[in-house]
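Participant: The listed protein sequences derive, respectively, from chains A and B. Take 3 as the starting number for the first sequence in our numbering and just add one per residue. Take 3 as the starting number for the second sequence in our numbering and just add one per residue.
A few of these clues could be false.
No distinction is drawn between identical chains; accordingly, a pair holds when it is met within one copy or between any pair of copies.
What the hints assert, rightly or not - Pairs of lysine to aspartate or glutamate residues, derived as EDC-like cross-links and limited to a Cα-Cα distance of at most 16 Å, are as follows:
| no. | residue 1 | residue 2 |
| --- | --- | --- |
| 1 | K238 | D195 |
| 2 | K20 | E126 |
| 3 | K238 | D178 |
The set of hints was computed from the structure by calculation and includes no laboratory data.
The residues making up each chain are set out below.
Number of protein chains: 2
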Amino acid sequence: MRLVVQKFGGSSLSTAEKIHRAARRAIRAKLDGYRVVLVVSAMGNATDDLLALSSEICAEPPKRELDMLLTTGEQVSIALTAMAIHAAGHEAISLTAAQLGLYTDSVHSRARIQRIHRDRLDQELSCDRIVIIAGFQGIDISGEITTLGRGASDTTAAALAAVLDADQCEIYTDVDGVYTADPRIVPQARKIDQISYDVMLEMAAAGASVMHSRAIVFGKKYGVPIHVRSSMTDGKGTMIMNETSGMEEIVVEGVTLKEDLAVIALNGVSNQAGLAARIFAVLGQNHILVDDIVQNIYDEGKLANISFSTNASDAPAAQNLCQQLARDMGFDGVSIDKGVSKISAIGVGMRTHTGAASTMFDALAKAEINIKNISTSEIVISCIVSNVDGARALRSIHDAFGLDKIEPRSNQINEIP
Amino acid sequence: MRLVVQKFGGSSLSTAEKIHRAARRAIRAKLDGYRVVLVVSAMGNATDDLLALSSEICAEPPKRELDMLLTTGEQVSIALTAMAIHAAGHEAISLTAAQLGLYTDSVHSRARIQRIHRDRLDQELSCDRIVIIAGFQGIDISGEITTLGRGASDTTAAALAAVLDADQCEIYTDVDGVYTADPRIVPQARKIDQISYDVMLEMAAAGASVMHSRAIVFGKKYGVPIHVRSSMTDGKGTMIMNETSGMEEIVVEGVTLKEDLAVIALNGVSNQAGLAARIFAVLGQNHILVDDIVQNIYDEGKLANISFSTNASDAPAAQNLCQQLARDMGFDGVSIDKGVSKISAIGVGMRTHTGAASTMFDALAKAEINIKNISTSEIVISCIVSNVDGARALRSIHDAFGLDKIEPRSNQINEIP
Chain A
3 MRLVVQKFGG SSLSTAEKIH RAARRAIRAK LDGYRVVLVV SAMGNATDDL LALSSEICAE
63 PPKRELDMLL TTGEQVSIAL TAMAIHAAGH EAISLTAAQL GLYTDSVHSR ARIQRIHRDR
123 LDQELSCDRI VIIAGFQGID ISGEITTLGR GASDTTAAAL AAVLDADQCE IYTDVDGVYT
183 ADPRIVPQAR KIDQISYDVM LEMAAAGASV MHSRAIVFGK KYGVPIHVRS SMTDGKGTMI
243 MNETSGMEEI VVEGVTLKED LAVIALNGVS NQAGLAARIF AVLGQNHILV DDIVQNIYDE
303 GKLANISFST NASDAPAAQN LCQQLARDMG FDGVSIDKGV SKISAIGVGM RTHTGAASTM
363 FDALAKAEIN IKNISTSEIV ISCIVSNVDG ARALRSIHDA FGLDKIEPRS NQINEIP
Chain B
3 MRLVVQKFGG SSLSTAEKIH RAARRAIRAK LDGYRVVLVV SAMGNATDDL LALSSEICAE
63 PPKRELDMLL TTGEQVSIAL TAMAIHAAGH EAISLTAAQL GLYTDSVHSR ARIQRIHRDR
123 LDQELSCDRI VIIAGFQGID ISGEITTLGR GASDTTAAAL AAVLDADQCE IYTDVDGVYT
183 ADPRIVPQAR KIDQISYDVM LEMAAAGASV MHSRAIVFGK KYGVPIHVRS SMTDGKGTMI
243 MNETSGMEEI VVEGVTLKED LAVIALNGVS NQAGLAARIF AVLGQNHILV DDIVQNIYDE
303 GKLANISFST NASDAPAAQN LCQQLARDMG FDGVSIDKGV SKISAIGVGM RTHTGAASTM
363 FDALAKAEIN IKNISTSEIV ISCIVSNVDG ARALRSIHDA FGLDKIEPRS NQINEIP
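One chain only, chain A, in its complex shape (with noise of 0.2 Å):
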């Protein structure tokens, strides 16, 4: 039996109407035949008032305590959408995480999932139930309650599209689909129909907010294809996909724009094997996540510089380990680049064309857009620049590029109700 995954986010459950428009996907996906596991996210600005509840009373809460106030958002949600789905004459069932069986660490406000229980799923659903879960929690070993971060509500349903196989996961959402660019920067901004897990996956790590990079690895290590979709209209939105032959011939799909980075450098280490790995799994230890790394050697290559972008909210954080390491590894010193936004021009195209490199660095420089870091992998090309240009150097490569006149490729998708 063929089997949806749907994920709502908080702004298609911000209301109660809203919420039972959300159990009518799910009741319509139910009649069209599919076996039907909703994932919820909190309502609305939920996850918000609580973290300003709790600013209110500690400015800085422990992160197990932190945990346990916010699941109760999802929690909130889960119950009034099986109460929809009950109002709306059907059978449903809503599960937390712990209900579940949603295994992970126990890194309480960054929690990875290790395994999810598919029994009380397979029992629910074979009774004909709609199953909602609570996106977004966990539970540790012990039973503590963990959370997998912000937005990872979209982790929860790719997780469990992975371990349901399902035919595909639904990513309802405010927007109709991902983006050439945020079209709220770039107004010329076209929808794109298709797209590989790769090149989403740059997208989303260089700052395409729609969907959650954990969720799309997810799909592609388990070959789930992911349509993210409004949950206002009934369009088609944008399937994440295994790459297809015909998306080679774009060079570049999209561009982002990640704003608010920090880019810390670190001067004359001494480049031995093993200091990089050292410094990064310092910071890794300490759970700062790292964005770009940039190296380059000098001094005959005895000496490097090494710097590496990081949220401008854990770069203190950085900064003082990477201090630290300074005065124990005995390396000139740290500077820190605070105020900075990246961009990014990615396509899976870039693989087989040459050239977008230099069409970036160009458009850049027309614009008068001082380039601070370079860094490029095989599908994406990243520079920082200042804040204060971010959104200029954005629609100056969305322009160059010319991804607001591409056709609109096949749409053959097998698309669900």
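Could you slot chain B onto chain A? The hints should help.
Facilitator: Coordinates of chain B only, in the frame set by chain A:
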């Protein structure tokens, strides 16, 4: 080591400042050498807000999903209270019913506690932490989330006090103790310093809303003194404790009013052994809360009229069940009197003093209030009157028993600061 269970109701936790105040109480008890377990309700009107949300979605939500929804209120409170204690520099940990291991039966919305595991509690207390438990909630043996009924955080507190053999169970609330009558209705009402479990039990059952009956049962059964006191002041409240000889000197200790009841009368019931048992078994199986039962026989003992009171909200269901029983058992019929109130006078002194009933009837007669039903027990006299007469009836009997004039008794209370 001495141990105290402190319970804070929703009105004592309605703002960040009040949560900090509750935290300070707990810390003070800890600094005084107590092991401290806190039980908290949902903040302020959180439960009502959640109920309003659910009724926007579904007129008759499944009780399982309602429990799923409502238990989030207490989970928010435990997390915030733990944060407040942390902010004051002390160690605390919050636990849901599932984490604690507070097991109930599976009757959603009215579950009964079956057992409480001590292991986690003992472990956390031995680490010198203040442990904060979500009131009102439980889990059944399958891990389903249950609730103990409105106001049942008191029950959670008393049950924990019993299991832990606590020195005292403190119930912090927005009033400063138990009164001879509801002061909102009877301005002359006086705070009671000491009261026996039995009298408090009857007062709670008869409408004194300050304490939940089931909590008092736990206190009595396991001999845990319960101190009902104000969360806003340091004054002594009312100590609910074993009966002392001095208590019998007072005939009536308090009067109560329970409004919005219905009386259902079954007429012409054949007076055979087992019939009443069958009637109330059916009502019980359908979770109708039956208040007082009155039976009179007539026709040379062959027939009986049986009437009982119930909450107005349960009355339609109760009436349907009784009509079904009338058909099955062949009795005359079922009549219902809606919109009635019960006034009760309660005191252990009634056991040894006479004349309380006539004092009560006389007071009502002088006030020209018609009595519909009368029932008495060893320490209670109750009369059913019209809702419109309720408040006036309460004032007249409070006055008739001279409850505003009684001297305070000895105040030898083993108080926890």
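Participant: Are the hints correct? Go through all of them and say.
Facilitator: Evaluated hints:
1. K238 x D195: within (8 Å within a copy, 70 Å between copies)
2. K20 x E126: Neither. Shortest intra-copy (25 Å) and inter-copy (42 Å) distances fail the 16 Å Cα cut-off.
3. K238 x D178: Within one copy only: 8 Å inside, 62 Å across.
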